[in-house]
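Let's have the full structure, built from the sequences with the hints guiding it.
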Amino acid sequence: MNQSPGPGQAPPERGGADVPPSSPIAAVSMEGVTKRFGPVVANDDVTFVAKRGEVHALVGENGAGKSTLMSILAGMYRPDAGILRIDGEAVTLRSPADAIGRGVGMVYQHFMLVDSLTVAENVVLGARRSGPKTGFRSGLWLRTRQVEHRLVELSARYGFGIDPRARIWQLSVGERQRVEIIRLLYLGARILVLDEPTAVLTPQESRSLLRTLRGMAAEGFCVIFISHKLDEVESVANQITVLRGGAVVATVLAGATDRRELARMMVGRELAGTLLRDDEVAAQTVGEPVLAIAGLTARNDKRLPALHGVTLDVRAGETLGVAGVAGNGQRELAEVITGLRVATGGSVRLEGRDIANLSPRQIARAGVAHIPEDRLGTGLAGGLDVASNAILRAYRDRPIARGVFLGTGPVGRFTDGLIDAYDVKTPSRRTRLRDLSGGNQQKLL
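The sequence shown begins at 1 in UniProt numbering and counts up one residue at a time.
Because the hints were derived from the structure by calculation, they are not lab data. Among these hints, one or two may not hold up.
Derived CB-CB ranges, DEER-like [to be verified]:
id, residue 1, residue 2, range
1, T311, G32, 56 to 64 Å
2, A323, A364, 23 to 31 Å
3, G407, P305, 29 to 37 Å
4, E219, V41, 33 to 41 Å
5, R145, H308, 46 to 54 Å
6, G382, T144, 48 to 56 Å
7, T378, R303, 15 to 23 Å
8, P203, T144, 30 to 38 Å
9, G161, Y395, 53 to 61 Å
10, R303, F37, 42 to 50 Å
11, S95, W169, 55 to 63 Å
12, R214, D301, 29 to 37 Å
13, I371, P203, 33 to 41 Å
No farther apart than 30 Å at their CA atoms in a straight line, the calculated lysine-lysine pairs in the DSBU-like style are these [stated by the list, open to error]:
id, residue 1, residue 2
14, K51, K229
15, K302, K51
16, K443, K229
Ideal placement from N, C-alpha and C gives every residue a C-beta, glycine not left out.
In structure tokens:
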């Protein structure tokens with residue numbers, strides 16, 4: 001009988017005898033998989049195959065069914081029909097723990113970490129109770145030092161730069177993502193699914209992650225990469241599967257297609273894009289400063305200086321980019337501007353009025369909006385429905401507010417207006433927000 005892997009150990013391969021990385025047996029085979037949520041068909045008779053030693057990209061529009069399909073592989077959902085095979089063996093996965101026991105792990109768009117715990121504590125949280133050989137539990141006690149030592153080894157091997165004693169709330173979004181990956185490696189996953197992993201990363205972090213994924217595939221991992229960024233897909237993938245409307249359109253070799261063809265398959269039509277030439281961009285009119293920041297200082301969550309005399313202007317009619325590696329003050333700057341963090345010095349002037357250290361509500365009413373890097377942690381409430389999230393900035397305003405009550409009709413009309421205007425794909429306004437795809441959550445935000 002096959003045994004589940006211990007944390008920090010590579011999982012045994014399935015399907016009887018051990019399966020080497022070069023085996024012709026597919027690491028993952030999904031045959032005729034269908035999944036419905038009420039009247040909505042998220043996956044429609046999908047067949048999908050991924051091999052060890054490859055990065056297999058899964059692409060498609062928001063709501064195409066990519067995350068749902070991979071959540072079935074990761075044990076989060078059970079299919080209504082179809083067969084799932086791992087290393088040639090038909091399996092039924094009733095939970096993520098079952099998937100990890102089979103060597104399958106998934107990094108979701110919304111991370112599943114406990115902010116108040118350390119990296120090491122999060123890594124072993126929820127792991128199956130095991131004996132001393134697993135390296136993290138002896139009787140009732142966690143072998144903290146052994147866990148931390150193994151995490152340091154994994155972090156160094158894959159270039160993650162993670163301190164196992166750091167608490168999650170102290171880490172940037174990019175660092176938290178690396179914790180999720182290292183947690184799966186520690187628990188023995190050899191089939192890794194990453195759901196739009198570069199959406200929260202800087203360009204430098206994205207390039208580093210793609211290099212790491214290529215290296216892991218070369219070691220014999222099966223890496224499944226969900227993305228909208230076709231340039232990244234071309235650079236990292238060996239094979240590409242396109243989903244549209246919950247069904248597979250095509251599976252192609254990465255070198256046998258191009259971005260235009262992939263985009264056409266994703267949307268079902270030719271895309272006629274309009275790009276401005278450099279001289280047209282330069283000729284656009286830029287107005288007076290709307291936001292003026294001068295000598296701004298602030299501290300990070302560790303009470304260390306994060307902003308040192310930042311000065312910049314944002315003018316009407318322009319987009320100002322703020323670039324840098326994670327942890328260099330970008331998040332703190334956005335939070336000070338929007339009232340989520342105290343400025344320890346300097347000024348933030350909006351059309352001449354200093355808004356530094358006003359409340360988030362006051363700043364929002366002044367016309368400043370914030371799209372945070374962690375949409376479910378800061379921007380939206382995953383456990384509430386779409387309508388409740390839609391009115392988060394407007395629930396005190398008429399006609400939505402009627403004294404201390406909410407007007408059911410106005411709430412519905414307001415929500416439906418947003419859904420139509422931004423093409424948010426949802427079964428209804430009463431659907432729980434967490435059940436939407438990441439792209440549709442972002443549209444609503």
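Verification of the hints:
no.: 1; hint: T311 <-> G32: 56 to 64 Å; verdict: 60 Å, holds
no.: 2; hint: A323 <-> A364: 23 to 31 Å; verdict: 26 Å, holds
no.: 3; hint: G407 <-> P305: 29 to 37 Å; verdict: 47 Å, violated
no.: 4; hint: E219 <-> V41: 33 to 41 Å; verdict: 37 Å, holds
no.: 5; hint: R145 <-> H308: 46 to 54 Å; verdict: 36 Å, violated
no.: 6; hint: G382 <-> T144: 48 to 56 Å; verdict: 31 Å, violated
no.: 7; hint: T378 <-> R303: 15 to 23 Å; verdict: 20 Å, holds
no.: 8; hint: P203 <-> T144: 30 to 38 Å; verdict: 36 Å, holds
no.: 9; hint: G161 <-> Y395: 53 to 61 Å; verdict: 42 Å, violated
no.: 10; hint: R303 <-> F37: 42 to 50 Å; verdict: 45 Å, holds
no.: 11; hint: S95 <-> W169: 55 to 63 Å; verdict: 27 Å, violated
no.: 12; hint: R214 <-> D301: 29 to 37 Å; verdict: 33 Å, holds
no.: 13; hint: I371 <-> P203: 33 to 41 Å; verdict: 18 Å, violated
no.: 14; hint: K51 <-> K229; verdict: 22 Å, holds
no.: 15; hint: K302 <-> K51; verdict: 43 Å, violated
no.: 16; hint: K443 <-> K229; verdict: 17 Å, holds
Hint compliance for this structure: hints 3, 5, 6, 9, 11, 13 and 15 are broken, all remaining hints hold.
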